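**Student:** Residue numbers (this note's numbering), protein chains in the order written: chain A, 13 to 208; chain B, 44 to 537.
These are calculated hints, taken from the structure and not from any lab test. From a predicted model like this one, the values you see are computed outputs, not experimental measurements. All C-beta atoms, glycine included, are put in the ideal place defined by N, C-alpha and C. Mixed in with the good hints, there may be bad ones.
Partner residues are not named here, just some residues of chain B that face chain A (Cβ under 8 Å, in silico) [as the list claims (entries may be wrong)]: (1) F275; (2) E294; (3) S362; (4) A366; (5) G520.
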Amino acid sequence: MSRFVLIPGFGGAADVDFVAPMLAREHEVSVVEATDPLVTDADTILVGYSLGAVRAAAHAATHPVSALVLLCGWAQLTPRLLDWTRHAHDEAFARHTMVGPDSDRAPLVRPELLDLVETLPVPRLGDIRCPTLVIGARYDLVAMAHQSRLLHGGIADSHHLELPTGHAALVERPAEVLSLLSAFATHPSVVPVVAG
Amino acid sequence: MTESLPESRSHVTPVPHTDVAIVGAGFAGIGLALRLQRSGQTDFTVFERAVAVGGTWRDNTYPGVACDIPAHLYSLSFETNPDWTHVFAQGHQIRDYLERAADEVRPRIRLKSPVLDMQWDEDRERWILDTLAGRHTARVLVLACGRLADPYIPNIEALEGFTGELFHSARWDHDVDFAGKRVAVVGSGASAVQLMPRIAEVAEHVTVFQRSAPYVVPRADRAYTDAERGLFAKDPSEITRLRSQLFWAAEEGFAERAGDPSRTEAARDRALTHLAAGVADPRLRERLTPNYEIGCKRVLISNDYFPAFERYGVTLVTSPIAAVDGGTAIGADGSAHDVDVIVFATGFLAAEQPYAAHVRGRDETLAEHWAGGMRAYASTMVAGFPQLFVLDGPNAGLGHNSAIHMIESQIEFVLNALAPGRALEVSPAAEDAWTRQLDARAEGTVWTAGGCESWYVDPRNGRLTLLWPGFAHGFRGALAEAAALLALPEGNPV
Ligand SMILES: Cc1cc2nc3c(=O)[nH]c(=O)nc-3n(C[C@H](O)[C@H](O)[C@H](O)COP(=O)(O)OP(=O)(O)OC[C@H]3O[C@@H](n4cnc5c(N)ncnc54)[C@H](O)[C@@H]3O)c2cc1C
Ligand SMILES: NC(=O)c1ccc[n+]([C@@H]2O[C@H](COP(=O)([O-])OP(=O)(O)OC[C@H]3O[C@@H](n4cnc5c(N)ncnc54)[C@H](OP(=O)(O)O)[C@@H]3O)[C@@H](O)[C@H]2O)c1
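Using the sequences and the hints, build the whole thing.
**Tutor:** This is the structure in structure tokens:
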């Protein structure tokens, strides 16, 4: 039994509506929206998704956590990403650009969370000491898979995986993300094997 | 390899010996045989009682028989098939697939060889198998006998006096022409739901005996385009990619059955909306509405079962069949129905597997060992039965994802266990711990507390013995960990 804190992305709590209850069958789970106050201790496994990953990384650089999972996050705020957040107020545009080629899911986007991207502090990756699992997405047109590789490069004790999804990994493949979180909670030092 | 047993020495009749004996040539037996051979272990023999390989897909040839897991996922990961024509395969297509897959190991398969008796020889630390084709010995015995392999027909008063034709869905009589016939279909499970509409469209009249109503959801089938199939053939990584997508999507189905009430509710709504769309008459709809929680039994997929009732004027009897009087089938509700054919879609002997009575370990038979319900360490190894593995046996089934993923997880476990330096026997304590953990996990779930009776549960004690109460990926992970514990050097095998 571990203690998880989940920070969702542009969809808010809806992003974790599969993962949170299923993880809660075996672990203590709380969901902290990107704008909520965030409290962790040395036993917390902090999981961030999308803009939540950036917030989680920044937090882990300055606060105690036992382990960190960064899903579809970014190491730098690129002009491309900023541009996307401006266009993503158009719901259809957001939906189509967020999912990968194999998915017909429709991720939720809360406009006020798009505007947050610009204001997020850039994480000091070199200060993150805890075991970290970085999960990127091959078809991520929003954050770009390369940004997850940079997170991996900048964090000392990290493993890196890539899912065959778009930016909306948590909406496209919630069960697979759940399996990675469960495996990481049990053995943070072992790279989870992507099954299937 | 051939060797003689002491008692037969003087007769010079050599008893053939094989390193690994596999009983059954369905997905599990063929899958293990392929993996063994491809890893260079060629000293194995597959014994199959029937005249052909294929197991389930050889035996079930009823009209409409099809798989309800997408074909690319319901295939062996190491034997993929670019040619699946549709998202869901027809039964005969899966049978053909297994026939083709078996070609590679054909010389090591013995057909028409029912294994009648399997006995552990403590002195020589090997298994003695008596088959219809003679005696064999083996270091390792793998039971790949399936668990939906032996048809179940309920006890029905005066059934032997029935004047028409009768048979079980898994033993279809293709000589019977349904045109102009009045037919009783007994049961409303997965088999009945597939075969009833096919019979109703040709028969004069169909009566369904429904003991409990099933939840049915839409079947989203379609043909693959030539371009898709061409791409699968040219680039096998496309199959891997599709399998992964299908697998993880199916995994989400577990949340409907355990852990997430809002998803259970959504699933129930989906099934009841499908019922409403398929049946106009509210009274009929009412009688087709289940009175237990969704997921308790297998959730069925069909687009033509519900509409068949009104389209073909099918009679629904909401009670089991209780007796037969000449050419009349009588329901437990007293209703009488004149019929020419009775089709039993009444399922299989599942909780008590017929093979178990014929496997004798150190001190007892497997049936005796399983008197309190099936159980095994890692769902695969049984205390008191050294060098034995059971595939697709205790707690190895699933309601929400592909059985083939489960079978492959077990095959991997067996290959791990057969590696040098592994224990080939488990302690009663290890088996107990595994069983206790599963029993605890099953408690209060939809399968044990959902208000239905299903073949997942052993009717003798209410234990969930045939279903794995978790994710499919969790099964694979748990078996990988369980296999690692078999490593011997520390001297502490499980
Ligand atoms: C009609 C039907 C539809 C199904 N559809 C699905 C589906 O859609 N999705 C899904 O996941 N699962 C489905 N299943 C479950 C299916 O049984 C499994 O998916 C899978 O085929 C089991 O393979 P197996 O090798 O374990 O067993 P089987 O296919 O049953 O093979 C066991 C073999 O062992 C042989 N045998 C048994 N005892 C002996 C003996 N003493 N000596 C010699 N040979 C013996 C039998 O003749 C048989 O050939 C279905 C089952 C049925 C009955
Ligand atoms: N495509 C597919 O996916 C597919 C197709 C066929 C089979 N299968 C697999 O095979 C399993 C078995 O399926 P199945 O349909 O052959 O068997 P089943 O699920 O065990 O269903 C048997 C049916 O017979 C009924 N029954 C039993 N005794 C009866 C009696 N005396 N009077 C009236 N009804 C009686 C049962 O009623 P109750 O419900 O009240 O017990 C049930 O409806 C499935 O669960 C599934 O795993 C899959």
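**Student:** Evaluate each hint against the coordinates.
**Tutor:** Quick rundown of the hints versus the structure:
1. F275: Not OK, violated: F275 (chain B) not within 8 Å of chain A, min 14 Å.
2. E294: holds (4 Å)
3. S362: The hint is violated - S362 (chain B) has no Cβ within 8 Å of chain A, the shortest such distance being about 38 Å.
4. A366: violated (47 Å)
5. G520: holds (7 Å)
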